[in-house]
Amino acid sequence: MAETKNLDRVVIRFVGDSGDGMQLTGTEFAKAAAEAGNDISTFPDFPAEIRAPAGSLFGVSGFQLHFSSSDIYTPGDAPDVLVAMNPAALKTNIKDLVDAGTLIVNTGTFIDANLKKAGYAQNPLESGDLEKRYKVHLIDISHLTSAALDGTSLSTKEKGRAKNFFALGLVFWMYGRDPESEIRRIHQQFAKKPEFGEANVKVFKAGYHYGETAEVFQTVYKVPPANFAPGMYRNITGNEAAALGLVVGAHLSGKPMFFSGYPITPASAILHSLARYKNFGCMTFQAEDEIAAMGAAIGAAYGGSVAVTASSGPGIALKGEAIGLAVMTELPVIIVNVQRGGPSTGLPTKTEQSDLFQAIYGRNGEAPLPVIAAKSPGDCFYCAVEATRIAIKYMVPVILLSDGYIANGSEPWPLPNLSSLPRFDVTHRTDPKDYFVYERDPKTLARQWVVPGTPGLEHRIGGIEKDALTGNISYDPMNHEKQVHVRAEKIERVAQDIGELDLRGEESGDVLVIGWGGTFGALRQATDGLRARGKRVSHAHVRWLSPMEPGLARVIKNFKHVMVAELNLGQLRAILRATFLVDAIGLNKVQGQPFKVREVELAIENLLGADAPLPEGVTQTRSANA
Amino acid sequence: MAETKNLDRVVIRFVGDSGDGMQLTGTEFAKAAAEAGNDISTFPDFPAEIRAPAGSLFGVSGFQLHFSSSDIYTPGDAPDVLVAMNPAALKTNIKDLVDAGTLIVNTGTFIDANLKKAGYAQNPLESGDLEKRYKVHLIDISHLTSAALDGTSLSTKEKGRAKNFFALGLVFWMYGRDPESEIRRIHQQFAKKPEFGEANVKVFKAGYHYGETAEVFQTVYKVPPANFAPGMYRNITGNEAAALGLVVGAHLSGKPMFFSGYPITPASAILHSLARYKNFGCMTFQAEDEIAAMGAAIGAAYGGSVAVTASSGPGIALKGEAIGLAVMTELPVIIVNVQRGGPSTGLPTKTEQSDLFQAIYGRNGEAPLPVIAAKSPGDCFYCAVEATRIAIKYMVPVILLSDGYIANGSEPWPLPNLSSLPRFDVTHRTDPKDYFVYERDPKTLARQWVVPGTPGLEHRIGGIEKDALTGNISYDPMNHEKQVHVRAEKIERVAQDIGELDLRGEESGDVLVIGWGGTFGALRQATDGLRARGKRVSHAHVRWLSPMEPGLARVIKNFKHVMVAELNLGQLRAILRATFLVDAIGLNKVQGQPFKVREVELAIENLLGADAPLPEGVTQTRSANA
Amino acid sequence: MSEAVKIKLSKKDLESDQDVRWCPGCGDYAILATVQRTLATLSVRRENTVFVSGIGCSSRFPYYMNTYGFHTIHGRAPAVASGLKITRPDLDVWVVTGDGDGLSIGGNHMLHALRRNMDLKILLFNNQIYGLTKGQYSPTSALGTRAASTPTGSVDHPVNPISFALGAGATFIARAADTDAKLMAAVLEQAYRHKGAVFIELLQNCPVFNDGVWEAVKDDPAGKQIILAEGKPLLFAGGTKGIRLGAGMVPEIVEVGEGPGKVPQTDLLVHSERGSRNYAHLLAELVHPAFPMPMGVLYREDKPTYDGLANAQMAEARQKQGPGDLEKLMLSGMVWEVGADGTRH
Amino acid sequence: MSEAVKIKLSKKDLESDQDVRWCPGCGDYAILATVQRTLATLSVRRENTVFVSGIGCSSRFPYYMNTYGFHTIHGRAPAVASGLKITRPDLDVWVVTGDGDGLSIGGNHMLHALRRNMDLKILLFNNQIYGLTKGQYSPTSALGTRAASTPTGSVDHPVNPISFALGAGATFIARAADTDAKLMAAVLEQAYRHKGAVFIELLQNCPVFNDGVWEAVKDDPAGKQIILAEGKPLLFAGGTKGIRLGAGMVPEIVEVGEGPGKVPQTDLLVHSERGSRNYAHLLAELVHPAFPMPMGVLYREDKPTYDGLANAQMAEARQKQGPGDLEKLMLSGMVWEVGADGTRH
Ligand SMILES: Cc1ncc(C[n+]2csc(CCOP(=O)(O)OP(=O)(O)O)c2C)c(N)n1
Ligand SMILES: Cc1ncc(C[n+]2csc(CCOP(=O)(O)OP(=O)(O)O)c2C)c(N)n1
Ligand code: SF4
Ligand code: SF4
Ligand SMILES: [Mg+2]
Ligand SMILES: [Mg+2]
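Chains A, B, C and D supply the protein sequences, listed in that same order.
Position 63, counted from 1, in the first sequence is what this note's numbering calls 63; the numbers after and before it change by one each time, with no gaps.
Position 562, counted from 1, in the second sequence is what this note's numbering calls 1562; the numbers after and before it change by one each time, with no gaps.
Position 338, counted from 1, in the third sequence is what this note's numbering calls 2338; the numbers after and before it change by one each time, with no gaps.
Position 319, counted from 1, in the fourth sequence is what this note's numbering calls 3319; the numbers after and before it change by one each time, with no gaps.
Do not take every clue at face value.
In silico DSSO-like cross-links for lysine-lysine, where the CA-CA straight-line distance does not exceed 30 Å [to be verified]: (1) C:K2012 / B:K1116; (2) A:K116 / B:K1482; (3) A:K192 / D:K3134; (4) B:K1193 / D:K3328; (5) A:K433 / C:K2008; (6) D:K3328 / B:K1393.
Honestly, the hints are just simulated from the structure, not real lab data.
Just chain A, same shape as in the assembly (with noise of 0.2 Å):
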């Protein structure tokens, strides 16, 4: 009998080629994990390809699993264990294994052909270099997998497609979970394909009964469950999580809902989910393009709908042009941009924060607009009810960033309860007494939302200066500069509704770590880990980016070093220095990659005295003419 030894955290990679369906295996995994109590979170990294040929390194796809018995906020920054199904996935990872750890490979695949694809000239499972750094487990999976399906109706090509079932069966041993809930779930997913179910079943029962008897594996290791708050907990990922808060926040308004969008990746699961929401109010439209999308929306928010449109970096430059206009007649439409590698096509399927720029400066004219970011899969879905909220209250286009990165990526989310959302119901002006299209809540400088179909209150927008009061087209000179500064303060004034800055640690220190987006667990993390180390290090995490938070202020010039950390060149680091005049350097890292707490916790470590050098690639940006 193997020893059970308790872990507090593991993380797990499984890498294979496309085909070799590893996303289904990690997410598989991810689901025990989450059943047995663990916080967990996920990483999934897929190749740009559809499905690349087999065996080639650009095929390789990858799951990245961190699950713990106590609070973690990202999916890991080094795998404790590599599953590698085939030469490529070896090749491109194994770099990554944390020293002596864990590596599971499927040996079956190294054959010639593969190994020549994945560019070794030598089978690298040969040498023994391998065992010297790992604790190497060498598995003919897909052999055993064929051998477990003997006498099956399958085709070899079927059988060959179960073999990652193998691999999450080996798995589920390793770590004590329950397979029973598993196979139930197997024979649920292939309901309609009962045969597959049965074959599936077979082998993942294959792979944990190889872990039982092989002996390969000493131990079994335990992953006792975490400490969650009593609650709902579903696990999400960021592009669920805001098609929900969307139709919420729809919800919460009293509205229907419009989206338009043109596909483009990560961003289009958003559209895919928000097309089965039918029965709630959804009236999704897939736009020619990303301007007809923008524009579909303006037309929506015009008619009354709570109108949303949603995509990524090269969507959003084309819709620049049509947002100026949602800016000018101030109409409520929420764009949603799922960040990914830039710039034009870049790394599409790759996470990066290099839109902020764009977000807060790219239209033409004085274009302002509010713009928020989610720090994480879950917050998607409060940032989405919070900019549909402020869109409506504002009458006001916001923008609204996600990334790849949380966009793609999951954890256990404690479901919000709804009830206790405050509503924010529109009504809509019927009065047309007095009626002046462009009047403004003196509170919110917001107009009002007249739609059409209310008699009386017949009236015509547009993109040329109106006038201040009326609306009409209007070049007077003054008009002209106090509606300028009018559109300008009025993004200022959602600072009213801006709710307390994110800071973690005290208000004084030695660094300030300041963040935004879906770096927020990294860097909760890394200053976390410092802190408890004793450091004077705190955290603030950016919500609101325009306009700019207003409890950063208060704490920003309180710290002997200011560290702005992106996934970008500097972009906050710029609106931050320009807005309070600190010397804030940069942490920079821009390979379509999160940042690993490690990465943060040695830029940190280096402004506190430290001299230790960065992992290639990232870069503490100092300010040369400061």
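Starting from the known structure of chain A, arrange chains B, C and D with the ligands on it as the hints suggest.
Relative to chain A, chains B, C and D with the ligands alone:
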């Protein structure tokens, strides 16, 4: 006989209905002034409508001319002389006339219908109020014109159209201009319709003689010639100069030029000019929209042409995504933005400087590119040449910012000696040996410009991230990091090619005024004036906005106050604050109108301790947070 | 078209308080007057009528209508109007556009609105020029047009708006001249009653930049126009000439009547608004100067609209699945509960 | 087409060194192979051949051709290609696009490139789906398509690419299936020799997201395809069926032969590539499943190209005005000289 009085400078404004030919009158009088050796500066100000209904307030068209015997930089803050051809023109312009200024009114149009359209309840000419403030000359120009044409075969309508020549004749007399050369010009202009030429000359003479005989004008003013450096001069608008600069730029590089554009005010004139330069090797292409125009320019650049596109704010917004492609593929394209009032459609015929953020930041991802701004009509020429040179030398798209004010305004421009302009001939690589698509010049970091048609160098480029050497698609994290930094560094290296900072005044002092683009004239004149009065005020005018001119670093911290004057809400100011961490304050005006010299003076005087209120609308922006 | 309690309206009721800002003599005035008069006659509900436009002289139209109006950005009116119509099928949504706005920068949105059979009434003011930007040639300008951007003549083959609309899938296609108030009114009325994508080409004169471009057609209605009438042969020139389908499906102009060289009226093509698409294509290809131009309703077809189908799907979803239960939606996917004691359920 | 000194090329010479990254079984492989083979047969000059594409699975095409290649951005390939062709008429410029890239986001550039008769060879890979973004319906997807963004079925009426191209003004229009190497090669060869805007619809299978969408047509070439041949009647089903022009210009499927209910072959429509536009429209409207699909060259026409005319204008200007004299150009407009003494001349 009237006495003759010498004046140093005069600002005259002609205003009338769009149909009244005020642009022609102004232009002709400007020519006469230039011919007489004055320095001149003009400011045409048209209505947005093509031909607004006669007599309407929004149909008023104006042309302001500043002519002088000394150096001038602007068309003048306020007219000394106002020629108003109808009630609407009087109504909208009288407030600008200086106290005790000369007002010439065509009384013939002050009939009830017109008074009503202008919103006059009473005929303002009858109240006697005008005479209290101004030297008023009431002349029934309409009647005198048709009287002059009595007996000709012209219709009443045709006769009416000639009345601007009466006004022109009158001011010719007032300022002692030579009528003969004007008469020649009229004949020339109407060579194809000699009967109109005759008629206009008749009316012109009638106006001239009216001045001579009517004895209402006691004084003939003389503005002696200015002191011009020897050489050839040409009166030129910014758009004409830009077109010329592009032709010359292409010539200096030894390449054919391709211009693709989509019409938009106020940029269309560049397309119109270039369309006439076919024999200079300029191919022009009116594309279906701005995206196609940018796309076609990229295609032409790829094929080896000097590729140019021009537009204004909304069109540039549309080009954003495609500009990103040029950044990624590192192809030389010159993108001209003749800025107008924004946001959205905004104020299409008015000037503004609010597209700076869009130029620098308005694309997805990290997509830096060089941005240069022209400071005057003539400077558009040099900026166009320089933009071409930099685009080719560094293999980058370059944005050239102009604005409606300098694009339509004109100035006497010392013609450059073409042979003295340095050539920057292009040689396209043809050697297939060891060619790597993204191999870079060590100094400029430019990749080589290899064009299709070159045997053995066949290669593929595109918008996905490319391998730093081969240019093949690369999803490698470190390669992306490297390429993002290289593209940024390449733009920084453009600084190697930036000349001296345009600094007037000492390198330290009380106030440093920083400006960019078309505000040059007002800023220089205001600061020169203050310095002449002993103030420690300097003026730095930034030409390259990206990369930021290196010269600024040396001086920006040497002044008590730094004031960034812009026709926007503080875009350059934000960039300078972020770059240099100086508490620059802003002088901002967003009225579709250029700065007045007096506005700038007042703002500076305030910084020097005066406490004068600024004119309405203009704001001096101080930092709340810093 | 909304079910209206018929109220008597006059043209004045459709006029907004804004000064009309077109050039004197612009064809847009006549179109505006006819639209105002026709909508008054039809007793539309002003509050349920929306005019959406792009940018151009023609696109200033909404400002002058005392209805709801949206002057959007260049070329995007069909997109904005689509979003409005899908979410507000109760409204009558008109789109006003120009040959530049609708066929140059906005060609794609036009194509897709027509293809989807979006219930929009699209009026394209074709003056074969860019008016607002001061006279550049447009996609409908004839080859060789000398204009601001083409001093030596354009080298673009023009697009035929009717062919384009037909190829795109419009379900109601018509043509009228700006000054032919009677025909335009008749066409507008039928368009108003049509459910689906309406495309009307209005031949509009721009006296400033392209004066008289339609003069030959407009000044000689008998000789240069075929006034289409359901079931009637394609006749013109006072009935002395007609259009026949020649060999190879090529339309021919023939002299109609008895005697040598003349053909009987029965040989002519007979107009049918709901005729085949091939017949409609033939009509579309009849263009001046080679042919007289067919005026009136060229083609119509009843076909489900995008907005109709989309809203039907919404209703069906609600009916089948019941009104959305948010609590349940939140609880879908992988859900678990942690009890007060921190244990999972 | 460039005047080439004929060099012997093999398919391999047209293959780049890049790994082909389409899904196993994708129809794009077959198209790539046929294009490579055909260009080799035609002995094109690789250095004078450029493939320009947008974004999509299909748009990865240029990477695999050992010619010049430009993978641009979504929908904009015709614009980039136009700029290239206008300035470099010596090059053969091919455009590769998909049904999404070319007809959704890029519909407008497609329209205008065709309208202008730009000398581009445009290959549209029609798989009726967005492949690269993982399976959303496209503008060519049938009404009711259930896909990622339309779980209850699409409500868009699809666009007919051939009708669209014809309406836009393409001067060479053809269709072939991905796997019919012989027909595709024949079509490509003629396209290569055509001067003007070529539009070829390639019926392409996406085994991952829309498997078998063309199967019915491709698997039954006899029954579901009309292989067009110049001067030959529109026959299919082994010559037993044909297409006749029915009343009201409606095409009809008829049984061919002698005897009751059958019609003689002479009654059928006869194919002519250079037939009338109306005939071409009729061909375009023959779509599966109501009709067999015409395959091969549907339409062609000789018409001056944009790039040809534009370059002719340049040459003419140079000839008439002489090569531009920059000094003179600088001195045009209002010019004067100030002498050394500061006086004007
Ligand atoms: C994005 C953008 N590009 C260009 C313009 C400039 N523009 C305004 S209207 C117009 C064309 C107008 O032509 P048309 O649609 O035919 O209308 P018309 O004025 O002739 O009625 C253009 C190019 C603009 N406003 N916005
Ligand atoms: C501006 C922009 N919008 C959206 C996308 C995402 N996108 C890439 S390809 C594509 C559609 C591909 O469909 P199609 O052209 O039919 O090509 P296929 O993959 O089917 O060959 C989309 C929507 C993008 N890359 N850029
Ligand atoms: S420019 Fe032409 S289209 Fe525009 S308003 Fe004037 S006449 Fe009408
Ligand atoms: S997704 Fe479809 S079209 Fe794209 S490569 Fe795969 S099979 Fe081909
Ligand atoms: Mg027009
Ligand atoms: Mg496709």
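Hint check results:
no., hint, result
1, C:K2012 / B:K1116, "21 Å, holds"
2, A:K116 / B:K1482, "28 Å, holds"
3, A:K192 / D:K3134, "22 Å, holds"
4, B:K1193 / D:K3328, "27 Å, holds"
5, A:K433 / C:K2008, "23 Å, holds"
6, D:K3328 / B:K1393, "28 Å, holds"
Comparing the model with each earlier hint shows no violations; every hint is respected.
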